[in-house]
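Residue numbers (our numbering), protein chains in the order written: chain A, 576 to 1065; chain B, 478 to 955; chain C, 76 to 595.
Heads up, a few of these hints could be off.
[Stated by the list, open to error] In silico lysine to any residue, SDA-like type, Cα no more than 25 Å apart, as pairs: (1) A:Lys732 to B:Gln829; (2) A:Lys1010 to C:Met569; (3) A:Lys942 to C:Gln247; (4) C:Lys245 to A:Phe1008; (5) A:Lys1027 to C:Gln247; (6) A:Lys1010 to C:Ala189; (7) B:Lys899 to A:Thr733; (8) A:Lys732 to B:Ser919; (9) A:Lys1027 to C:Leu101.
Calculated from the structure, these hints are not laboratory results.
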Amino acid sequence: MHFPFLSIIVFTPLVAALIILLYKPEQKKAIRITALSAAVFALAMSLWVYFTYDKVAVGYQFIEKYNWMPALGISLHFGVDGMSAPLVLLTGVVMVTGVMISWGIDDRPREFFAFLFILASGVFGVFASLDLFMLFFFYEIAVFPMYLLISIWGWIKTREYAAMKLTLYLFIGSVVSMIGALVMYWTSGMHTFDMLVLETAKFTPTFQKIWFLPVFLGFAILGGIFPFHNWSPDGHVAAPTAVSMFHAGVLMKLGAFAALRVGIMLLPQGAIFWAPLIMGLALVNIVYGAFIASVQTDFKYVIGFSSVSHMGLVMMGFATLTPEGLTGAGVQMFSHGIMTALFFAAVGMVYDRAHTRQIPELGGMIKPLPLVGIGVIVGSLVSMGMPGFSGFIAEFPIFMGMWKTHALVAIIAAISIVVTASYVLLVVRRVFFGKMPEALEGHIAPIRNLDKIALVLLMTLMIGIGLFPALIVPWVQTGVQHILALLGGA
Amino acid sequence: MAAILPILPEILLLVLGILILIIDPFLKRDTSRRPFLGWFSAGGLLFILAVSLLLARPTAPVLVFGGMLRFDWLGFGFKMFFVFAAGVTTLFFMDTDHLNRRAEAYLLLIAATLGMCLMASSADLVMLYLAIETTSIPLYLLAGFLKEDDKSTEAGFKYMLFGALTSAVLLYGFSLIYGFTGKTGLYDLSTNFSTFNVVAVGIIFLVLAGLAFKVSLFPFHFWAPDVYEGAPTPVAGFLSTASKAAGFAVLIRLFTAVFPAISSDWSLILAVLATLTMTVGNLIALAQKSIKRMLAYSSIAHAGYAMIGVVAFSKLGIASVVFYLIGYVLTNLLAFGIVGIVGRLTGSDDFQAYSGLSRRNPTLGLAALVAFLSLAGMPPFVGFVAKFFVFSAAIEAGWVWLAIVGVLNSIVGLYYYLNVLKYVYLYRMEDQDEEHHPLKVSGTVVIALVILVIGILLLGSLFGPWFGFATKAAMSMF
Amino acid sequence: MAFINQHLLTLILFFPVLAAAVVLCLPNRNLKAIRWTAFGLSMVPFLLTILLWVQFKAGQAGFQFQEQASWYAAIHSTFHVGVDGLSLTMVLLTTLLTPVALLASFNVTDRLKAYMFLFLLLETGMLGVFLSLDLLIFFVFWEIGLVPMYFLINQWGSEKGEREIWKGVKVQSRNYASLKFIIFTMGGSLGLLLAIQMLGVLFQNYDLPVLYQKWNSLTTGTLLGLPVETVKTVAFWAFVIAFAIKVPVWPFHTWLPDAHTEAPTAGSMILAGVLLKLGAYGFLRLVLPLYPVESARYAGWLAFLAVMAIIFGAFAAYGQKDFKRLVAYSSVNHMGFVLLGIAAAAKAAGTINATIALNGAVLQMFNHGLSAAGMFFLVGVIYERTHTRNLEDFGGLFPLVPIYGGILIFTSMASLGLPGLNGFVSEFLVVRGSWPILTLYTAIAMIGLLFTGAYVLKGVKNVLQGPMNEHWGEGEHKITEINMREIFVMAPLMTLILVIGVYPAWILDVINKAMMMLFH
């Protein structure tokens, strides 16, 4: 056992949260600086893990295992593979940019950052967990801070409703999966929650077929799968900016990832059996999400529904059960995470200054906020899968996966590309170009330096991957190989 | 010397009670608070806890005192928790008007604790009944302690009436057992109940009625909301935790000792009861406007969750019940403690009183967060682990539908617990002037809160050794 | 030197990006520095192209100056570039027109840095399409080129003009035009995207030479549950539609008049000059080699569409009052000839007539690039002075601006196809090549040619001839003569127009040798 990188990454935010809670409420500057330092530290660690990851070796790396309750086979077991390493990095990036964007929160920043960091710890924990109990433990830790963050610091009009809806939906999803996981635990007869061991459990095909659906769908609810996606747009809109960034950028990936880890990897035959249904639901996500997004008048709702559509692509990639589809899904989780973090950051900046998110009431924002405009343009290009950006690198293999399984699905899903392009370009044009409404003239202050750093960081990642897919694809591929081995042996 | 080790806690409790009685007349009566009594009681209870843990740990289960008591880990474990709960409650007593001045209050608390300790280790029907009454009567008095408060008097009276009624039913059940078997020792009776016949059914119903009252299981739960609402809040806290846990201890012992052979039959009965309890408790809690009543119904629901573990009736099942109760004691004490503080400082138990609590006293707000999220079953608090293991045991034993019911109920629970947090964190006072209306909390209460919060976090994260202990307790039953 | 030679194509391809980055670092206010830096740096790819031309061996089979590097290994796509005679011609056109267009943009003052940045990125996009030998990279550059053009039209296009879309909602014309442009093209490329994905899945490879061979050898059996023939036909039409929109082929041309008219002058020059050629290039590089059988089968349809483009384009141009729109429709008209030549070649692949038709088509691509760019520029020149493009507002301007008039007549004659100028050579070759193969269509196309003359002359007449419009004669609206910079813009175009018209061998030779080998 070597240096416990993953434990440090997982627990740094929690420790930071406790430290922050010890500050007096008036020490706002100290709170913010502590938060940023912890976030940067976590990011640095995750970068290290990412770039020292051995892309040739098979299996999980940076493994740490501490016995927690041997009687029931529970252990604090961390490890990353090619699929989770980019996601750990993604969380680090979103954490740092989220803290930067939240610099201006003035109402009880102590509690805000404390809850945000508890959320972050939960997220890191799920991505790094190789123990099924601990996966649920960290998963739930990531759910309840959302309620507090949205209901206290969110948009006054809908925050109570959205926060409660979101929390209940996610809780329902997680307990449904938990029941499935417990059934799996007892049926396996192996008396361990260690997922590496459970991967070798020989569940009967019937068992897998029955239990795959509740386990997968329970997690996929957090991934925004139709028809359980309803919580997501309202949750996005009501949440304060950094929370939206976390929510769409990382939390939804949590759901998809857990669905992959627990659903597909532990119940492969069930996955193969139910794949057509999942493909169908994901297809509805992709196309329906795009159409609904195109009729929204609130800028944030547009992005919220577009997230539903893009997460549909992730789940579609999973459901194809092909190397290309899975690779694309892995890249899409990262790419969409960065893109949506940028979008929400930008929306937040516009809203803080214009105090409206209604598209007809906005306009001409590119003059006072040029970097925000460029960021949104780049984000839009990623969103419509424009080559040269990370979105294309992600979407293209997913479509190839669709071709391999069901050509018609690919053709229908392609509609969403055009729909996305049209609404995204229109929104960008209406909000950032054209004439600024008189009510807003002179009220649009420029953005902070920290905001600029955050935007540039996010844009660089999207363009970098778009031009050099080798920055992420080899990692994802190692993870995909493992998944295919599990599916093949099913 | 070794002979009294099994009842060392009880003896020390008796001594403590007598000491309090003796000291009381020597303390001045005209001071508005008499902290010495409180500290003495709390200190005494802590001393009892420490000494018992050091000296009086059981080894292999053995019947002592002519078969009256069984010295095993289950009994011992519960005793320690009763003493702990009493100690914490004493700290809360010190903060409550009318209770803190009266030595009788502390004495009654200690007496009830003594009774509970006996309940937990009783191995004979007569001893059991004696212990139950020893517990109940002081609690009736404590519930009605606030003479000037009509609600409290009503609560005490109601409690006494229903308690007496169900005690009678229980006694009738016990007498039937004696009548049919000629024995009163619990551990001799298992052979007599190897088949599920009419007699067994009748006895089970009667006994269950009595115990269900103690544990506030449906349909014997209806006393709880009124009594909890009327009684002084720390008393309600103690009632809802220690008293309930004692009832469960008896249930566990009875069912594992007397009725193991027909477990598959009574398990179903209990499962149905558990379902109804959880559902009724949770659904009615949704509609409450007083936080004390809401907590009352929530406590009812939690009894249902714990019952799931009993239904599972395996080593894991009993262990999970024990662990659940430990966690539940910590959590509910914290919840009622906070309610008590806020009730005293704002004069109201309605939800409105909690608006802006997190701004008036951020630490209290965080304590409320811990309490209610643990009740909801969220990590890293003990509530999550407790529920996880209870559901786990149910699934292991094949009761998947029951686990699903439990899970669905948890969702309902989450809703109304989050509602409380909404008031604490989101809503504001009418004038939004929380800075000028801070809530100052006394030192004793802070100590209690800190102990409970640490306990909840500790058992929620490093639960290994604690669950190991619960397993030991369970093993001693089989 | 060896380094330059080994990586010549990559240098040509990515130098504009470097130039764009340099421009980005210049100070915002110094318009002069921005202009001259952009123009100067854009000359570099042109000079490199001349170097390429000189070293290119015309008769050699296959692609030259190839470079290949790993790009998206997971799906077997590599960064593979190379030239043959066809792409070389197009690269020359692009690297020539870009500096010309930048020189033409010297009168832009609003956000000049962003404008130059986008223009240079656009150049890379276009070059990428011409140079790529990997189907995925082809698509990448195809799409990338759309974005700068979208913004160029959107932000620097004509400010006047409104269009009414449904429910009485009015939008600015340039917004309408740019959105229609990008959505239309992207929608068209959807089919292309899907077909490319299918090919990638089938062969686990995107390399064009490999695909040529493998796709053509796949003739029997089933694919995706359908017979190979059906799949190939559907894929064929998917490719065709994508490129047909770009060319543009009637009836997919409706985006063009709006886009060309609303775009800024230099934008129109590049749009008509190069972007349209991307579509035709797609036909030649992808459709014909990958689908020889289907192309031959449906050649008649393509020819029909080509003829419709020629005729309707001409008619529409004739009916225009807006000078720029007239020139826009003339593009439809001229590109029709390109498609006619391609259709003929498809039908009779491998014959000498086919080669002649192809020669004509490719040369027409080059020629139209020059003449269209020139025409749009001249429209821009007069618009800048008069702030109107309405033909009825002009009249008898020749005495006022004789030099401009002369240049306009020269360029119009090239557009008309006057012998001695470049247009004649290419149109003649197309007609000569198609006549034996698609006689009827060619005959009808000739009628179209008649109307080409009509609209060109009408345009010239309305602007230069007739009674002078006193409005422009004196006073504050007195029209000024064409200036030196503008002459420098037109000079290279006119020179090439004349040279090709009189001595086309230097370019025809390269094209011819490439076309002869196209079907192998």
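Quick rundown of the hints versus the structure:
no., hint, result
1, A:Lys732 to B:Gln829, "holds (21 Å)"
2, A:Lys1010 to C:Met569, "violated (41 Å)"
3, A:Lys942 to C:Gln247, "holds (19 Å)"
4, C:Lys245 to A:Phe1008, "holds (16 Å)"
5, A:Lys1027 to C:Gln247, "violated (32 Å)"
6, A:Lys1010 to C:Ala189, "holds (19 Å)"
7, B:Lys899 to A:Thr733, "holds (14 Å)"
8, A:Lys732 to B:Ser919, "violated (38 Å)"
9, A:Lys1027 to C:Leu101, "holds (20 Å)"
In summary, the numbered hints that this structure violates are 2, 5, 8.
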